[in-house]
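K.L.:
With the hints as a guide, bring the two chains together.
Taken in sequence, the protein lines are chains A and B. Residue numbering for the first sequence follows my numbering, starting at 1 and increasing by one per position. Residue numbering for the second sequence follows my numbering, starting at 1 and increasing by one per position.
Everything labelled a hint here was simulated from the structure, so no lab data went into it. Any given hint could be a false lead.
[Unchecked claim] Not close to chain B: a few residues of chain A, all C-beta gaps over 10 Å, as computed:
1. Asn7
2. Leu30
3. Ile57
4. Glu61
5. Arg62
6. Val63
7. Asp68
8. Thr69
9. Met71
10. Arg117
11. Leu155
12. Gly193
13. Leu208
14. Leu228
15. Val254
16. His271
[Unchecked claim] Listed below are the simulated DSS-like cross-link pairs for lysine-lysine, each with C-alpha atoms no more than 25 Å apart in a straight line:
17. A:Lys15 with B:Lys20
18. B:Lys135 with A:Lys103
19. A:Lys34 with A:Lys233
20. B:Lys70 with A:Lys33
21. A:Lys40 with B:Lys70
Glycine included, every Cβ here is placed at the ideal spot set by N, Cα and C.
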Amino acid sequence: MKTVYVNAIIDAVEKLCIEANYDLGEDVLLSFKKALTTEKSPLGREVLDRLIENATIAHEERVPMCQDTGMTVIFVELGQELHIEGGALTDALNEGVRRGYEKGYLRKSVVKDPFDRVNTKDNTPAIIHYGLVPGDELQITVAPKGAGSENMGALKMLKPSDGLEGAMQFVVDTVDQAGGNPCPPIIVGVGVGGNMEKATYLAKKSLLRDVGVHNKEERLAKIEEELLERINKLGIGPQGFGGVNTALAVNLEVYPTHIAMLPVAVNINCHAARHKTITLKGREE
Amino acid sequence: MAEVIRLETPLTHEKVAQLKSGDNVLISGVIYTGRDAAHKKMVDALARGEALPFDVKDQVIFFVGPTPPKPGQVIGSSGPTTSYRMDAYSPTLIERGLTGMIGKGLRSEEVIAAMKKYGAVYFGAIGGSGALLAKRIVAAEVIAYPELGPEAVRRLEVKDFPVMVIIDQEGNNLYETGKAQYRTY
Chain A
1 MKTVYVNAII
11 DAVEKLCIEA
21 NYDLGEDVLL
31 SFKKALTTEK
41 SPLGREVLDR
51 LIENATIAHE
61 ERVPMCQDTG
71 MTVIFVELGQ
81 ELHIEGGALT
91 DALNEGVRRG
101 YEKGYLRKSV
111 VKDPFDRVNT
121 KDNTPAIIHY
131 GLVPGDELQI
141 TVAPKGAGSE
151 NMGALKMLKP
161 SDGLEGAMQF
171 VVDTVDQAGG
181 NPCPPIIVGV
191 GVGGNMEKAT
201 YLAKKSLLRD
211 VGVHNKEERL
221 AKIEEELLER
231 INKLGIGPQG
241 FGGVNTALAV
251 NLEVYPTHIA
261 MLPVAVNINC
271 HAARHKTITL
281 KGREE
Chain B
1 MAEVIRLETP
11 LTHEKVAQLK
21 SGDNVLISGV
31 IYTGRDAAHK
41 KMVDALARGE
51 ALPFDVKDQV
61 IFFVGPTPPK
71 PGQVIGSSGP
81 TTSYRMDAYS
91 PTLIERGLTG
101 MIGKGLRSEE
111 VIAAMKKYGA
121 VYFGAIGGSG
131 ALLAKRIVAA
141 EVIAYPELGP
151 EAVRRLEVKD
161 FPVMVIIDQE
171 GNNLYETGKA
181 QYRTY
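In isolation and in its complexed conformation, chain B is listed as follows (with noise of 0.2 Å):
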């Protein structure tokens, strides 16, 4: 097992450039959330000229809709949804400086490409494990599309948040890799 790395957000450039395919990091800070509808929404919005809810230069984006929290609890189980249903929409985001991506799955050729020419990070989270994840999870408030319920965009602060390093910069993608080593067939 590689050793942890310790990531806080924002996202930089800089910080970019030293994660690779296959790291293990623990994320602390500010990230967002958005799922299909969301991404629709933000991305018609750009079509239209108008402004994004959030600036997503250097941020984060967390594919989930999350359970309804319990008294008591921040947010409820929120565990990564797949994420090639963003894939219309990721390269625009990266484009506009969006460095960062958490999710569960295969990416498009295209999302991969912008992440390579703009410089941005896809993260896998474990599918599945929404309850473990929910504790890492120490605010959330929703600050767009309230509208969408559990799809609304809501401002996270996370604290070492687990999550593997998928598919880095250069376009080195742990699903290719990792099959690879164990494919026997």
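Pulled out of the complex, with its shape left as it was, chain A reads as follows (with noise of 0.2 Å):
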């Protein structure tokens, strides 16, 4: 059996933590480019001359990107051959993520309790999902989210009868009410089936494709394409001033549904769309 120190494992966060914060993805940075090609609007276009100029100073000044570096999600796949050694898994990943936040200055935005609202001051705890695949590896993603784009993500638990049409027009819905709120040019991730939890799990995990990847299903893709261009139709924008950029991209996954349920999730992701992965590989002991 093959072993994973915990020690590497919190190395290997703290490091995600900050370069997912400073470091905007090629492909984001390429999706700008090719927006500024196709926006009409005078605004729009100078938006996305900033957000290219903001995400070379963060990556050549290391500084975070944005000023919300988020709540930590992590997608972890333990490869169920593996062994961990040294300590519990979770607590390595929230050490992990203290350290990144306090070593690569980045903003602690988490608080302890949703009512008394007292700040942890280290960005701990977490949000962790943990999948379980075949295998001696370890793969931690982690995707800081700020709240901006996250508050205006929504669920809603359709009907059957409703169709293909009434998921495709709550997605649409979901980004016109948002408006400039999320900082568009946003990233939808939108979720189908499964039940209400499976939903939102899967709006979220959407994210993490790279802009521009398509649903592998060739009708899946095209549903993806069809609603890029309806939210493109919006008007919204480049941060809400106006325009024919207001999404990069949507992000579709599907899962088998109940009988009688059609749930349909909508998960907005900023431009500053952050998630760096790592494969770590067990050592024979």
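P.N.:
Set out below in structure tokens:
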């Protein structure tokens, strides 16, 4: 059996937290540049120019691209033949967040209790999603998510009779109502099917996909394209100042559901679409 | 692109009257920071008959909670937070003389009504450009509620801080006009 030590996990998460907040993905930068060629609004183009400049400053000067360095969401895929040594995996992930947010001068934005609202001062606890997979590797994705966009998400338990059109309308309406709040140009994560929590999980997980990468299923990729087209007709534009680039991408994930259900979840990501992944390989003991 | 208007604070009513929705503005001078928790504390203080930590008359509040500064930095990344969470508090401060707010996103009817009644302007800064905006802040000092950490009230000195006029004192709203201009849905 192969082993990974918790110290390696802590170091990895610390690094991922900092890199995710300093280094905007090439996929997003490319999509800004592409949007610049199609944006009709002069104000919209100016916003896109400034976002490219901002990403460059953050990368070169090693500072966070956005002051909302998020609540830290971590997706873990744990190979079921791997052994974790030296402590609890959840503790190690949180320790990595603690160190990353301190050493990276990232904002601590987590309150201990939703009612009392006292800051935990180290951005823990993270929100951790565990998945078990075959093999002996540990894949960790750190995806800090700001509140401005997260607050604009929505879930609706539609009726099966609402169908695809009803689901699409709900997605478009959710984006329309959000307007400039979630910092457009946005990436729209959509989860359809499963049940209440499964749909919202899928919507969030779909945001880990790079901009421009469609669902592997052709029919779903077509729905993504149709949704993107409709959303970009809303006129909201970069920052809500008006324009034809409201969204950079729509990512759709689906799951089997109940005969009586059609859950649809929308998770909006701002243009600071942050996610960094590492795969740790176990060592033979 | 409209020409850039250079604006010095304090933001008097004469200056407010000159600003129109869609104007591209560079602000220089002193502005103050405040977001959710600070706004609640300020409005609670007024309800108890206490003074505000600074006189809001002719002042501008920037809705922001910066990241911690790195050694050598005046302030960490400092982009606007979403403004609607301050909607419950802004009318009270506008009534007390506040003339400017910098944030991002939609405002409520109540805020716009107060802006029209008392004369105030709502500026938008580009959300998610905190690294860039921090470079236009030349001095920062916590002046109230230090226990709130990133949410503490800060006195900032800014130089050519880039904003757009979203809503002017007549209620013209760039979010509505901009969207209408490009909407084909």
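K.L.:
So, for every hint listed, does it hold in this structure?
P.N.:
Hints, one by one, checked against the model:
Annotated as non-interface, A:Asn7 keeps its C-beta farther than 10 Å from every C-beta of chain B; the closest such distance is 25 Å. For A:Leu30, the condition that its CB be more than 10 Å from all CB atoms of chain B holds, with the nearest at approximately 17 Å. Against the 10 Å criterion, A:Ile57 falls within the reach of chain B, whose nearest CB is about 4 Å from its own CB. Non-interface call for A:Glu61 relative to chain B: violated, since the shortest CB-CB distance, roughly 7 Å, does not exceed 10 Å.
Under the 10 Å C-beta cut-off, the non-interface status given to A:Arg62 relative to chain B is violated; the minimum distance is some 8 Å. Listed as outside the interface, A:Val63 is inconsistent with that label: its C-beta sits roughly 5 Å from the nearest C-beta of chain B, within the 10 Å cut-off. Residue placement check: A:Asp68 does not keep its beta carbon more than 10 Å from all beta carbons of chain B (closest about 7 Å). With a least CB separation of 6 Å from chain B, A:Thr69 falls inside the 10 Å interface cut-off, contrary to its annotation.
Distance to chain B confirms A:Met71 as a non-interface residue, since its nearest Cβ pair spans about 14 Å, more than 10 Å. A beta-carbon of chain B is positioned within 10 Å of the beta-carbon of A:Arg117; the least distance is around 7 Å. With a least CB separation of 20 Å from chain B, A:Leu155 remains clear of the 10 Å interface cut-off, as annotated. At the 10 Å boundary, the C-beta of A:Gly193 stays outside the reach of chain B, the nearest C-beta of that chain being 26 Å off.
Every C-beta of chain B lies more than 10 Å from that of A:Leu208, the closest at about 19 Å, which supports listing it as non-interface. No Cβ of chain B approaches the Cβ of A:Leu228 within 10 Å, the least distance being about 13 Å, so the stated non-interface status holds. Against chain B, the non-interface label of A:Val254 holds: every CB pair exceeds 10 Å, the least being about 24 Å. A cut-off of 10 Å between C-beta atoms contradicts the statement that A:His271 is not in contact with chain B; the least separation is 6 Å.
The suggested pairing of A:Lys15 with B:Lys20 is violated, with an alpha-carbon distance near 45 Å, which exceeds 25 Å. Between B:Lys135 and A:Lys103 the CA atoms are separated by roughly 21 Å; this keeps the pair inside 25 Å, and the hint holds. Distance check on the hinted pair: A:Lys34 and A:Lys233 sit about 17 Å apart at the alpha-carbon level, within 25 Å; holds. About 30 Å separates the Cα atoms of B:Lys70 and A:Lys33, which puts this hinted pair outside 25 Å; it is violated.
For a cut-off of 25 Å, the pair hint linking A:Lys40 to B:Lys70 is broken: about 38 Å separates their Cα positions.
In terms of the numbered hints stated before, the structure departs from hints 3, 4, 5, 6, 7, 8, 10, 16, 17, 20, 21, listed from lowest to highest.
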